[in-house]
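Residue numbers (the working numbering), protein chains in the order written: chain A, 4 to 363; chain B, 4 to 363.
One or more hints might be untrue.
For identical chains, the list gives no copy identity; a pair is met inside one copy or between any two copies.
[Unchecked claim] Pairs of lysine-lysine, DSSO-like flavour, derived with a Cα cap of 30 Å: (1) Lys215 - Lys110; (2) Lys213 - Lys272; (3) Lys289 - Lys218; (4) Lys319 - Lys126; (5) Lys215 - Lys98; (6) Lys98 - Lys333; (7) Lys333 - Lys232; (8) Lys218 - Lys262.
Worth flagging that the hints you see were computed from the coordinates, not collected in a lab.
Protein chains: 2
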Amino acid sequence: MLNQLFFTPGPSQLYPSVPQHLQNAIREHIGSISHRGKKFQMIFQEMKESLTDILKIPPHYEIFVTSSATEIWERIIQNLITTSSHHFVNGSFSKKFYDFTTAYLLKSTSQVSDFSQEFIDFKIPNSAELISITQNETSVGYTFNPAEIKNIRENNPDKLIALDLVSSAPAIPVDLSLVDTAYFSVQKCFGLPAGMGVWIVGPKCFEVSKVKKSKNEIVGSYHSLSELKKNGDKNQTPETPNILGLYLLKNVLKDMQLKGIQSIQNETKYKSALIFQIFDQITELKTIVKQPLNQSKTVCVSDVVGGNKGLIRYLKSKHLIIGSGYGDFKNQHIRIANFPAHSKESIEMLVDEIGKYFNG
Amino acid sequence: MLNQLFFTPGPSQLYPSVPQHLQNAIREHIGSISHRGKKFQMIFQEMKESLTDILKIPPHYEIFVTSSATEIWERIIQNLITTSSHHFVNGSFSKKFYDFTTAYLLKSTSQVSDFSQEFIDFKIPNSAELISITQNETSVGYTFNPAEIKNIRENNPDKLIALDLVSSAPAIPVDLSLVDTAYFSVQKCFGLPAGMGVWIVGPKCFEVSKVKKSKNEIVGSYHSLSELKKNGDKNQTPETPNILGLYLLKNVLKDMQLKGIQSIQNETKYKSALIFQIFDQITELKTIVKQPLNQSKTVCVSDVVGGNKGLIRYLKSKHLIIGSGYGDFKNQHIRIANFPAHSKESIEMLVDEIGKYFNG
């Protein structure tokens with residue numbers, strides 16, 4: 004098997020320590036321990052402590068594990084929305100969450116923006132109980148203007164705000180005190196095998212879910228907020244969870260603490276500058292998000308004049324795997340993940356090879 | 004770290020080849036590959052082919068992966084029940100599924116049986132759309148009489164039957180043509196790390212779910228049967244799944260095919276005979292399920308006169324980890340898993356040590 008490097012937008016390159024943690028997991032019988040035992044409780048608790056430190060999670064916010072960020076969309080709908088929500092949609096993933104509200108027969112609204120421009124306005128219908136914002140839209144590499152998150156919070160003090168951190172946390176700073184709930188999956192910036200979502204839930208959410216339930220509305224079963232909290236208070240989960248995944252997350256979070264989150268975020272900026280520089284230098288490449296404010300630093304997306312096939316194939320021959328475009332843009336865009344698992348050296352090597360491909 | 008052997012009822016001892024498969028997974032970049040790529044599709048397809056062979060899954064039944072068997076309870080409720088179901092409850096897990104129907108505001112019914120006796124009758128209310136049967140109740144080691152599954156099928160040709168295979172498949176034979184849907188989680192008899200449920204779905208289920216949806220009822224979102232099938236037809240999943248878990252399952256299934264399922268099932272019988280023999284020989288041990296027909300061969304449960312603490316501690320000092328009782332029986336019962344990962348030699352060693360503890 005070739006020693007490939009994955010710059011795909013997730014699943015992506017594993018954090019460098021993951022193979023060692025997997026070895027240790029076998030030695031420590033992590034695949035066999037009970038999810039009702041002390042060892043599991045320690046792992047869960049340490050994971051929560053490290054994540055709270057890294058993301059500066061405000062006091063009284065809870066942390067739960069699910070199977071994916073996709074699952075969390077559904078749990079947000081079940082627990083936190085009775086009639087309608089409002090969704091800022093600027094790509095396929097934010098749209099998918101909105102589509103889930105239709106499947107749940109809600110009367111939600113959306114404001115759709117093309118990636119070529121900022122949202123036109125940030126008005127929210129009065130009827131919306133929850134506002135959905137995607138910090139980093141993985142499909143097109145669009146970052147939501149952080150100043151607008153602050154404005155939305157100030158203009159909507161009584162509504163819940165849900166923030167999708169899927170391909171941004173912890174590489175991009177975020178002020179979680181501005182939102183009521185946030186979530187991510189571990190196969191993006193945390194450099195882990197897929198199969199786990201992490202759900203951060205503020206105090207107001209528990210109230211809203213309780214009120215919804217008291218009105219004889221369905222809030223789900225094992226992953227209702229009350230079940231998650233009842234078990235979470237004991238550092239347990241309602242179901243038998245992905246214990247190995249949780250163990251890996253706990254350990255990678257500790258590695259990130261050792262490296263320092265500031266250092267990870269600084270490196271992210273430096274590496275993204277290298278990527279956008281090559282997009283600028285090469286005539287055939289065109290950054291698809293024009294407004295610098297909205298350009299994602301973790302998923303850098305460019306149009307390739309004449310199609311992406313040749314470039315992707317060339318890089319693959321150099322054992323460098325990048326992402327193709329999402330959905331309709333499959334053959335047109337390239338997506339380059341710039342996650343903490345990607346070293347400065349590996350990004351330098353990548354942009355070097357991109358330059359060689361076009362300049363010969 | 005000690006070289007312990009886990010006879011706990013799941014998570015339990017890993018199948019012996021799992022450490023090697025994990026090593027290979029790292030070498031093959033399984034943690035980094037895309038769930039929309041060919042390599043993933045191959046893994047999913049091969050898993051389904053091997054499982055179909057091992058469990059003799061009838062033609063036109065589909066196989067989906069979820070995050071747990073617990074999730075599958077919820078998906079069955081969302082997709083297959085509109086008003087009510089009937090549940091044969093003989094322990095905590097079958098009861099939990101029934102409790103989920105209450106959370107979903109259904110008017111389901113249950114027949115509860117103590118583990119000390121067979122169910123009194125097998126009548127099903129006319130109103131029940133689905134009948135829930137647990138082949139092997141993990142909490143108390145109770146096996147549902149297989150002849151009665153056949154009778155229930157014959158007496159209820161128009162109702163759906165859902166069979167919980169959690170701690171029985173593939174160690175105990177099952178005739179899946181008698182049921183419409185069945186499911187298990189991988190951390191029991193498949194000897195894998197927790198974090199995946201497998202859902203087997205017959206043709207009638209897709210019809211029922213479609214009808215429910217057409218009546219403007221909620222059938223869920225990404226894990227509705229139509230979404231699972233749409234993606235499954237391409238050997239894909241709606242969300243980014245536990246790819247590493249799926250890879251391990253695929254490989255352990257192939258290992259089991261090599262060993263031969265008949266051989267695995269024969270060994271299960273032989274090893275369970277050893278366990279029940281020691282329960283019979285030791286005055287302080289009393290098999291809690293008296294009727295041989297209902298005694299589980301995969302989760303063998305005994306009462307310990309005077310409490311289980313001393314025995315569990317003694318065995319732990321010999322690096323043999325067994326399960327305590329479930330729920331109210333925590334300090335009273337012992338539960339010994341007899342899964343394919345447990346070699347004949349390891350079970351012989353275990354019963355030997357149990358004998359030594361009591362006989363000195």
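- Find the hints from earlier in the document that the structure breaks and name them by number, from lowest to highest. 2, 3, 4, 8
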